Amino acid sequence: MPPELTPTHGTTVIALKWAGGVVMAGDRRATEGFAIADDRIEKVFHADEHSTVAIAGVAGQATEIVKLFQVELEHYEKVQGDRLSLEGKANRLAQLIRQNFPMALQGLVVVPIFGGYDLRREEGRLFRYDATGGRWEEEDFMSTGSGGRPAKSSLKKLWRPGLSRDAAIRVAIEALRDAAQEDVATGGPDPTRGIYPSVKLVTESGIEDVADEEVRRVYEAMIAEEQGRGA
Amino acid sequence: MAFQPYVPPEQLMKDRSEYARKGIARGKSVIAVEYADGILFIAENPSATLHKISEIYDRIAFAGAGKYSEFEDLRIAGIRLADLRGYSYDREDVNAKTLANAYSQALSAIFTQQMKPYEVEILVGQVGETPAENELYHVLFDGSVTDEHGYVGIGGRAEEVTEKLKDRYGEGADLATAVRSAVQALAEVEGRTLEAGTMEAAVLDRTRNRRKFRRLEDSEIGAILSG
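First to last, the sequence lines map onto chains A and W. My numbering applies: residue 1481 is where the first sequence begins, and numbers increase by one. My numbering applies: residue 5 is where the second sequence begins, and numbers increase by one.
Hints in this document: simulated from the structure, not taken from any laboratory. Source: prediction; values computed, not measured. Keep in mind that a hint or two might mislead.
To be verified - Pair by pair, the computed Cβ-Cβ distance ranges are: (1) A:Pro1641 to W:Gly132: 28 to 38 Å; (2) W:Leu198 to A:Glu1618: 27 to 37 Å; (3) W:Arg215 to A:Ile1516: 29 to 39 Å; (4) W:Thr150 to A:Asp1646: 51 to 61 Å; (5) W:Gly132 to A:Gly1561: 20 to 30 Å; (6) W:Arg95 to A:Ala1515: 24 to 34 Å; (7) W:Asp151 to A:Gly1513: 14 to 24 Å; (8) A:Glu1694 to W:Arg215: 44 to 54 Å; (9) W:Arg215 to A:Glu1618: 22 to 32 Å.
Said to hold, decoys possible - Anything over 12 Å on all C-beta distances counts as not near chain W; from chain A, calculated: (10) Gly1513; (11) His1526; (12) Glu1529; (13) Glu1554; (14) Gly1561; (15) Leu1588; (16) Glu1603; (17) Ile1703.
Where a beta carbon is used, it is the ideal one built from N, C-alpha and C, also for glycine.
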């Protein structure tokens, strides 16, 4: 691809289950080739009141797919007077990704993760996708994007069933920090400029955007602990 | 070619109007009342699933009276128009005035060109950031639009209901007062008491986040009416 056509890429996003539902989080970096395009981009979105979608891949395509997905979910809800099931939403997103497949073949790949609180089953659920529109349900946690691999290793070590809210946020931040240390395209927390990963919780009562201030405190506590251990 | 008798246009329009009015008169009335935090829509509706009142967009709601299948048709067209516009441009660019105009054009075309007119009357409401910025449009079966303020009744016994509301309406009333006065107005016109379980009510509440529309549960209406 000619350099002037290099598209903006979103990098690492992760999701995990906890006692009250799911946590979805992402770093804030977007890249254009070897350049940092944006250090405050948002990659985790509200799909509707009980589900979130996070994206890795070509940012332009991805935000467009998310926007269409959000409109479709709300449109369905208003016309039918009822919400789609979580399974239904996950399937619809798979179709949108499949529609993008010809573009993916040309290098414009978008890979989302989707999660939410299933009001009928009364539990948090997570779904993983690939560029062809393949859709699989994940049991515990998952990650995608350029820093997805190191993030996954860290989730594997830190995740336990039935995590509390605070523990789940801590695990998410730790996984993203590990990804930032191993992957050049993933942005780590930047206290001097006040940039922290975006973290969202989905529970029975809806979506909570965890405030930057809380993420900062968790991050600082994590660093203090490491320094205490002499790491 | 079949023989077509000459019918003067005045007569034709008069017949169609009469037909539409008769159809609407068979249905129940719907009320919209402005209150301190927004706009209340309320109607007697024994069905819990076939709604007369619905969300259209972030700040906009719809209420229909008359023939269900016809106003349902208009409701869905409105949601489609609003969602499409918001997707193509921006959420801010969706407003009640555009919708009311689209409804007016559609109903007017149906009234003059189709075999039979729609037997419906609709309301399109939009809550503003201040009460002065609220908008409420009343669209008739022939496409005529009126801009309403404060309160309005549509459907079966619209005029009587609006007349009753006139005595009860107070600017800046709270939600409970608005619900009570609307239910009293409906009950007086119908000449019987109305149970909370048979009422359908929703508000456009400016204190809410992006989506201002909220349905009132039967239990909430019950608590207001008995309180």
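Hint check, failures only: 1, 2, 7, 8, 11, 12, 13 and 14
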